[in-house]
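Protein sequence lines correspond, in order, to chains U and R. The first sequence begins at 1 in our numbering and counts up one residue at a time. The second sequence begins at 1 in our numbering and counts up one residue at a time.
What the hints contain is simulated information worked out from the structure, not anything from laboratory work. Virtual Cβ for every residue (Gly too), placed ideally from N, Cα, C. Heads up, some of the hints might be wrong.
[What the hints assert, rightly or not] Taking CB as the label site, the calculated pair distances span:
hint	chain 1	residue 1	chain 2	residue 2	range
1	U	A63	R	A48	41 to 49 Å
2	R	D107	U	D236	24 to 32 Å
3	U	I209	R	V477	48 to 56 Å
4	U	A30	R	G57	45 to 53 Å
5	R	H367	U	L220	34 to 42 Å
6	R	W381	U	N33	47 to 55 Å
7	R	W415	U	A30	53 to 61 Å
8	U	E243	R	R442	21 to 29 Å
9	U	R11	R	G484	49 to 57 Å
10	U	A245	R	D273	49 to 57 Å
[To be verified] Per the computed footprint, the stretches of chain U lying under chain R, defined by three or more beta-carbons under 8 Å from a beta-carbon of chain R, are:
hint	region
11	26-37
12	45-53
13	218-231
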Amino acid sequence: MDDWLTFILERYNYWIVIMLMMTGLYIVFARGNLVKKIVGLNIFQTSVFIYYITIGKIADGTAPIYMGGELDGGHHGPEEGEAAGHGAEAAGHGAAEAGDALHAKIDNSALDHGNELKDALKHAPAGEGSEASLHELPEAGGKIANNMGDHLAKTPAEAASGFDMNGASDAAHDAAQAASHGAADAAHGAIDAIVYSNPLPHVLILTAIVVGVATTAVGLALAVRIREAYGTIEEDELETADEIAEFGHNAGAATEAGAGA
Amino acid sequence: MNLIAQLPVLPIVVPIIAAPITLLLPPGRAPHLWASLFSWLTFAACIALFMQVSANGPISYELGDWAPPIGIEYYVDLANALVLLLVSGIAAVVFPFAYRSVQLEIDERQTPLFYGALLICMTGLLGVTITGDAFNVFVFLEISSLSGYALIAMGARRDRRALTAAFNYLVMGTIGATFFVIGIGLLYQATGTLNMADLAQRLIGQDNRMISAGFAFILVGMGLKLAMFPLHLWLPNAYTYAPSAVTAFMAATATKVAVYVIIRFIFSVFNFDFAFIGAAFTYVLLPLGLAGMFVASLVALFQEDVKRMLAYSSVAQIGYMLLGLSFATVEGLTATLVHVFNHALMKGALFMAVACVVLRAGSHSIHAFAGLSKRMPVTTWAFIISGLSLIGVPLTVGFISKWYLLQAAFEAGHWYAGFLIVASSLIALAYVGRVAEVMLLREPAEEGKYAMPKEEAPLSMLIPMWVLVAANIYFGVRTDLTGGIATRAAEALMAMAGGAP
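Let's have the full structure, built from the sequences with the hints guiding it.
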């Protein structure tokens, strides 16, 4: 009971998308008034806008406005490209799987050099937020790694105790130290690292919104011209008017069409 | 800056810069000359690009020096070089042709807007073809479609039904484009990339419901744009009531570009490892292609309006293209590519002949064609030769298309499809023959609505039209040109998709 309720509630944004999409399409098909059709078309397109915004969301991510600091630096070179690739691959897999991978990696590398942890963090960008895993962007992989490194650096003890390690608390402490070092390296001293939402879908949808506005404008302009030419914007009346013009009958609506023309 | 290195971007940049300048020109002759000049420049760039691709293999161009997959990439291989050549070539012929026809059908004050929109429409179509970025396809598609809606609506000066036709096209086209965007969004969500080559890489092994849904959205969205049989309802009215020159241009290019996009997505982005591609071939493209061939041809047979008849025939011809595609063989794909090219040549010439008749007779009803051979013999024979090409008579391009298609059908083991192709060609013979009979054997109307002076269309229209008619014959005789290129392009695409050779 609770499971499916959570399942539904957690994906409320997708439900909004689906509801708007169906509403919009229904209006386009069901309404005979041309302006209402355009309204339906707009609702339909809005659902797609929301869908794209949903794609761009990264768990705990803030608005993609550059705040300065940790984004520049050496590790945004070629290796980030790789991290990005991994991020994208991880997207297809389940979040749990990715989380497990993170655990395993940390188990192995905790006693090792921090560098390995850095890699582990980078290669498992989906461990932190299950939502994030589906909303991966190439660049985001590195950023999430940064964030998680930051998370570990801030709370070494809790982080360490959270991992399934067999050592004593000293060992855990050491591991946490190593982890925090590695993480600090990875994050480039990012004490206040920021996770950004993926801006790309937003950029894309801005383009789509421009296209949508242009379409609406053309559509409404056509509706105005149709009203000028026919005197109506109701689809069935338009059809009747055309039939009269072509075949000269359908007397019922003749006066209306005559008045319109 | 080396101009040759910038070659792939020229077919887009040149007309898109020229288009807004058109609006500043004084109405009348100037916008037409300007647009024609730039259509030729674009054509020249496309020829150069085609030569280069044909000799040196695919070209990748990084827009603004941003390396793909982050940046937008223009990717030109033989398949889209052929479509680029086609679109710009048709534009280079139709733009000069348009002048007298537009003079009659469009308000002179609107000519800068008209030619500006025409240039933008061409740019959009070229952009869809050249880009290697999935989202870019959508943007260019909408650039061409939006200007297309406006161009079709300009037919309202002669017939107000152009307005409702354009409106319906707008609604259906927008739904199609939005479906396409949803599909792209699903793919992006699954892979995190928009570059087509990169998408292909990352899609490998990801056969899940999200990818299938993405493909379905793309197929249906593009199906609306290319007027796949049950989704074709916008096309007949739009082509019938649009200004004649616009019909000639759009019938020859717009749907072809959408067919190309489907080919590109099926073969370059997805591949045959996905079970749903095979299912789409067997259960969607094959039956709908066959149904389109017959239903649309039969409907065309009963049209009183020649333009509308040719529009329905276009829907039927798209059926052939989809049919060739659905065989999923190199031969089938070759047939589709050849037919994309050839159909543009024949439909371009046919609609141009109709434009000539409209210029003199003022109507595209079949009654206006009565006794046309006595009034306008040059136009009549252009129509008849292109019509023979449409049927598929030897020595014309139509025959080459049908030949490749039949060969592909038999090799793929769909022998019944082979018979159906011949049968539907017979329907084409009937509807073209009907117009030919009216043109050759009927007496021209001496008085009344369809009476017209015994005057041939002006040379500015006859020359471009006969260029296309000559192309119909030339490429029908020199079969190695289109066939050879299409085979190479098909083999390259098939290799990308990893299908059986």
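These are the hints, each one checked on the structure:
1. Distance hint check: the CB atoms of U:A63 and R:A48 are about 45 Å apart, consistent with the given range 41 to 49 Å.
2. Taken as a hint, the range 24 to 32 Å holds for the pair R:D107 and U:D236, whose Cβ atoms sit roughly 30 Å apart.
3. Checked against the hint of 48 to 56 Å, the C-beta distance between U:I209 and R:V477 comes to roughly 51 Å, which is consistent with it.
4. Hint check: U:A30 to R:G57, Cβ distance near 52 Å, so the stated range 45 to 53 Å holds.
5. Under the hint 34 to 42 Å, the C-beta atoms of R:H367 and U:L220, about 37 Å apart, fit the expected range.
6. Take R:W381 and U:N33: their Cβ atoms lie about 48 Å apart, and the range 47 to 55 Å holds.
7. Taken as a hint, the range 53 to 61 Å is violated for the pair R:W415 and U:A30, whose Cβ atoms sit roughly 44 Å apart.
8. Judged by the Cβ atoms, the range 21 to 29 Å given for U:E243 and R:R442 holds: they are separated by roughly 28 Å.
9. Between U:R11 and R:G484 the C-beta distance comes to about 52 Å, which sits within the given range of 49 to 57 Å.
10. Taking 49 to 57 Å as the suggested C-beta distance range, the pair U:A245 and R:D273 conforms, at roughly 54 Å.
11. Given as covered by chain R, the region 26-37 of chain U passes the check, having 3 residues with a CB less than 8 Å from a CB of that chain where 3 are the minimum.
12. Three residues within the 8 Å Cβ limit are the bar, and the region 45-53 of chain U against chain R gives 4, so the coverage statement holds.
13. Requiring three or more residues with a Cβ within less than 8 Å of a Cβ of chain R, the coverage given for the region 218-231 of chain U holds, as 8 such residues are present.
In summary, the structure is inconsistent with hint 7 from the numbered list given earlier, while agreeing with all the others.
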